[in-house]
Amino acid sequence: MGTLNQEIMTVDELIARFEVFDDWEERYLYLMDLGRKLPAFDESWKTEENLVEGCVSQVWLVSKIHHEPSTRVEFRADSDSQIVKGLVSILIMLHSNQSPADIISHDIDGLFTKLGLTDHLSPSRKNGFYAMIRRLRALASTYVS
Amino acid sequence: MLDGRKIRDDFPIFERKIRGRDLVFLDTAASSQKPNCVIDSLSQFYRDSNANVHRGLYVLSMEATHKLEQSRKHVAEFAGANPDEYYTVFVRGTTEAINLVACSHALQSLGSGDEILITELEHHANLVPWQMVAKQTGATLRYAQIDADGRLDLDHFFDQVNDKTKLVSFVHASNVLGTINPAKEIVSRLNERGIVTMIDGAQAVPTMPVNVSDIGCSAYAFSAHKMLGPTGVGVLFLKKDLADNMVPYQLGGGMIFKVKYDTTRFADPPERFEAGTPAFAEISAFSSALSYLEELGMDNVLKHEQQMASYMVETLGKIEGLKLFGPPDDHDRLAIVSFELDNIHAHDLGMFLDFQGICVRVGHHCAQPLMEKLNTTSTTRASAYIYNSEEDIDILASALREAQSYFSRTLG
Chain A
1 MGTLNQEIMT VDELIARFEV FDDWEERYLY LMDLGRKLPA FDESWKTEEN
51 LVEGCVSQVW LVSKIHHEPS TRVEFRADSD SQIVKGLVSI LIMLHSNQSP
101 ADIISHDIDG LFTKLGLTDH LSPSRKNGFY AMIRRLRALA STYVS
Chain B
1001 MLDGRKIRDD FPIFERKIRG RDLVFLDTAA SSQKPNCVID SLSQFYRDSN
1051 ANVHRGLYVL SMEATHKLEQ SRKHVAEFAG ANPDEYYTVF VRGTTEAINL
1101 VACSHALQSL GSGDEILITE LEHHANLVPW QMVAKQTGAT LRYAQIDADG
1151 RLDLDHFFDQ VNDKTKLVSF VHASNVLGTI NPAKEIVSRL NERGIVTMID
1201 GAQAVPTMPV NVSDIGCSAY AFSAHKMLGP TGVGVLFLKK DLADNMVPYQ
1251 LGGGMIFKVK YDTTRFADPP ERFEAGTPAF AEISAFSSAL SYLEELGMDN
1301 VLKHEQQMAS YMVETLGKIE GLKLFGPPDD HDRLAIVSFE LDNIHAHDLG
1351 MFLDFQGICV RVGHHCAQPL MEKLNTTSTT RASAYIYNSE EDIDILASAL
1401 REAQSYFSRT LG
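Protein chains in written order, with our numbering: chain A, 1 to 145; chain B, 1001 to 1412.
In case anyone wonders, no lab produced these hints; they're calculated from the structure.
Worth double-checking, as some hints may not be accurate.
[To be verified] The calculated DMTMM-like cross-link candidates involving lysine to aspartate or glutamate, where the alpha carbons are at most 25 Å apart (straight line), are:
id: 1; chain 1: A; residue 1: K46; chain 2: B; residue 2: E1372
id: 2; chain 1: B; residue 1: K1017; chain 2: B; residue 2: E1390
id: 3; chain 1: A; residue 1: K126; chain 2: B; residue 2: D1027
id: 4; chain 1: A; residue 1: K46; chain 2: B; residue 2: E1391
id: 5; chain 1: B; residue 1: K1239; chain 2: B; residue 2: D1163
id: 6; chain 1: B; residue 1: K1017; chain 2: A; residue 2: D22
id: 7; chain 1: B; residue 1: K1303; chain 2: B; residue 2: D1163
id: 8; chain 1: A; residue 1: K46; chain 2: A; residue 2: D109
id: 9; chain 1: B; residue 1: K1373; chain 2: A; residue 2: E48
id: 10; chain 1: B; residue 1: K1323; chain 2: B; residue 2: D1354
id: 11; chain 1: A; residue 1: K114; chain 2: B; residue 2: D1027
id: 12; chain 1: B; residue 1: K1166; chain 2: B; residue 2: E1192
id: 13; chain 1: A; residue 1: K126; chain 2: A; residue 2: D107
id: 14; chain 1: B; residue 1: K1373; chain 2: A; residue 2: E49
id: 15; chain 1: B; residue 1: K1006; chain 2: B; residue 2: E1294
id: 16; chain 1: A; residue 1: K64; chain 2: A; residue 2: D107
id: 17; chain 1: B; residue 1: K1164; chain 2: B; residue 2: E1115
id: 18; chain 1: A; residue 1: K126; chain 2: B; residue 2: E1340
id: 19; chain 1: B; residue 1: K1073; chain 2: B; residue 2: E1085
id: 20; chain 1: B; residue 1: K1067; chain 2: B; residue 2: D1268
id: 21; chain 1: A; residue 1: K126; chain 2: B; residue 2: D1354
id: 22; chain 1: B; residue 1: K1318; chain 2: B; residue 2: E1391
id: 23; chain 1: A; residue 1: K37; chain 2: B; residue 2: D1342
id: 24; chain 1: B; residue 1: K1017; chain 2: A; residue 2: D107
id: 25; chain 1: B; residue 1: K1323; chain 2: A; residue 2: D107
id: 26; chain 1: B; residue 1: K1017; chain 2: A; residue 2: E26
id: 27; chain 1: B; residue 1: K1318; chain 2: B; residue 2: D1342
id: 28; chain 1: B; residue 1: K1373; chain 2: A; residue 2: D33
id: 29; chain 1: B; residue 1: K1373; chain 2: A; residue 2: D80
id: 30; chain 1: A; residue 1: K46; chain 2: B; residue 2: D1027
id: 31; chain 1: A; residue 1: K46; chain 2: A; residue 2: D33
id: 32; chain 1: B; residue 1: K1373; chain 2: A; residue 2: E53
id: 33; chain 1: B; residue 1: K1166; chain 2: B; residue 2: D1114
id: 34; chain 1: A; residue 1: K64; chain 2: A; residue 2: E48
id: 35; chain 1: A; residue 1: K37; chain 2: B; residue 2: E1402
id: 36; chain 1: B; residue 1: K1017; chain 2: A; residue 2: E53
Turn these sequences into a full structure, and let the hints guide you.
See below:
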């Protein structure tokens, strides 16, 4: 994996971006646009092992640790669903440039509601979202000795 | 053809607006909507006749028991299960019926070296129980293949049948592709060889005339909720000679003849398989659903089904980038149509359609091996019933075209 040059936002910045859109059509278009901006995901990474269990669509997540200039985890992801790809891109954005310990303790509960997605996403999609968070944390924890 | 728009007047749910739009319900293969007569019948039962069935010696209990037994007679007549040949067992649904036969018959009588044959079209409910039986008894589970059009390859099917085949279970009509299998032809050839046959009729009985005695299978199952009836009611017809030798499925009240501290003598079927309090209010109300369908005439229901199937295949087939699965014409198929649209994930599409008030099912439809065979992980499935009209399909088709442009748009 190369260096990360993806847009980075904080939770508040992300919420502010979503608030601009007052209808679901634009909000989801924006979400899908974020997904399209994810860096390329190598086809060879689409393995059973990298597949996130508990998602109704297929989501693959891989990670790599960088120690220079500081310790941080880089994530890459892909999905066969445009909506889910948008969701996972949000998660990657929020966890970029963080150390494994920060990722494990990063609290983003309630994010779903704050982004105004609650009314439109099915319970299984929501479960999938939390399954992705669990996988991000599990990947990060492999770098904690 | 039935007038779907007129029939809709009998179904109060169609007064409901979804996000300000009329409800377009194309998910009957999962569960049907209910007409007023069924809703009223259920509520009337609780108002007038409610008491537990069977053992009460008072008027209310006797009335409730009578209604339950009337429903039993009614459903056997409806599906042509001759009471001289078949027991009518009430269960919770098709899934429980298949599990019952798997546990009370197959687990007891199959062994290592025996074979079970099912097909690639099966719902998990008619697949996982047989996997469990094979694992526990040492029997081998075989699959009959489907052809490119999603129809059962009968030559391959019968190539799988041999002297070791002890049980064959197959779906009458597919919940994913709508394919109708030639049940009578299959069963008559298996009966010649003395093989036990089980049929999953969950999609067939609601949509076409079915005569179980004429088919001649050992066991036939379906669910009330897919055919205008209440939830929690399933029907299992069991050939008497098979059922008499089957052990109980669950143990408890209502299924015993005599209990002592050390031994129990079980009641005869159907009670042997009906432990505990049945869903008696729902079973009673189910009779009203059967009457409603009888009034329409199952021949007419099937005609409507096939006309809808034909219109769906034709209309959806015109959309560029839409890939239909299953039989390409209306011959021997139901109005259950699975498809993929461009590279839009079925879940994304389902969400978009929901915003338009259109109810379809997305995912693997409890048939993951079939999805693998079709080389996909999930499809979108539209299924029509008596209350649908061509207009619903036109609305769906235009929403699908809108979805194509929505999912290829960017904010820029």
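A quick look at each hint next to the structure:
| no. | hint | in the structure |
| --- | --- | --- |
| 1 | K46(A) - E1372(B) | holds (17 Å) |
| 2 | K1017(B) - E1390(B) | holds (20 Å) |
| 3 | K126(A) - D1027(B) | holds (22 Å) |
| 4 | K46(A) - E1391(B) | violated (42 Å) |
| 5 | K1239(B) - D1163(B) | holds (22 Å) |
| 6 | K1017(B) - D22(A) | holds (22 Å) |
| 7 | K1303(B) - D1163(B) | violated (39 Å) |
| 8 | K46(A) - D109(A) | violated (28 Å) |
| 9 | K1373(B) - E48(A) | holds (18 Å) |
| 10 | K1323(B) - D1354(B) | holds (21 Å) |
| 11 | K114(A) - D1027(B) | violated (32 Å) |
| 12 | K1166(B) - E1192(B) | holds (13 Å) |
| 13 | K126(A) - D107(A) | holds (16 Å) |
| 14 | K1373(B) - E49(A) | holds (22 Å) |
| 15 | K1006(B) - E1294(B) | holds (17 Å) |
| 16 | K64(A) - D107(A) | holds (21 Å) |
| 17 | K1164(B) - E1115(B) | holds (5 Å) |
| 18 | K126(A) - E1340(B) | holds (23 Å) |
| 19 | K1073(B) - E1085(B) | holds (13 Å) |
| 20 | K1067(B) - D1268(B) | holds (21 Å) |
| 21 | K126(A) - D1354(B) | holds (16 Å) |
| 22 | K1318(B) - E1391(B) | holds (16 Å) |
| 23 | K37(A) - D1342(B) | holds (20 Å) |
| 24 | K1017(B) - D107(A) | violated (38 Å) |
| 25 | K1323(B) - D107(A) | violated (42 Å) |
| 26 | K1017(B) - E26(A) | holds (23 Å) |
| 27 | K1318(B) - D1342(B) | holds (13 Å) |
| 28 | K1373(B) - D33(A) | violated (32 Å) |
| 29 | K1373(B) - D80(A) | holds (19 Å) |
| 30 | K46(A) - D1027(B) | violated (33 Å) |
| 31 | K46(A) - D33(A) | holds (22 Å) |
| 32 | K1373(B) - E53(A) | holds (21 Å) |
| 33 | K1166(B) - D1114(B) | holds (6 Å) |
| 34 | K64(A) - E48(A) | holds (18 Å) |
| 35 | K37(A) - E1402(B) | holds (24 Å) |
| 36 | K1017(B) - E53(A) | violated (36 Å) |
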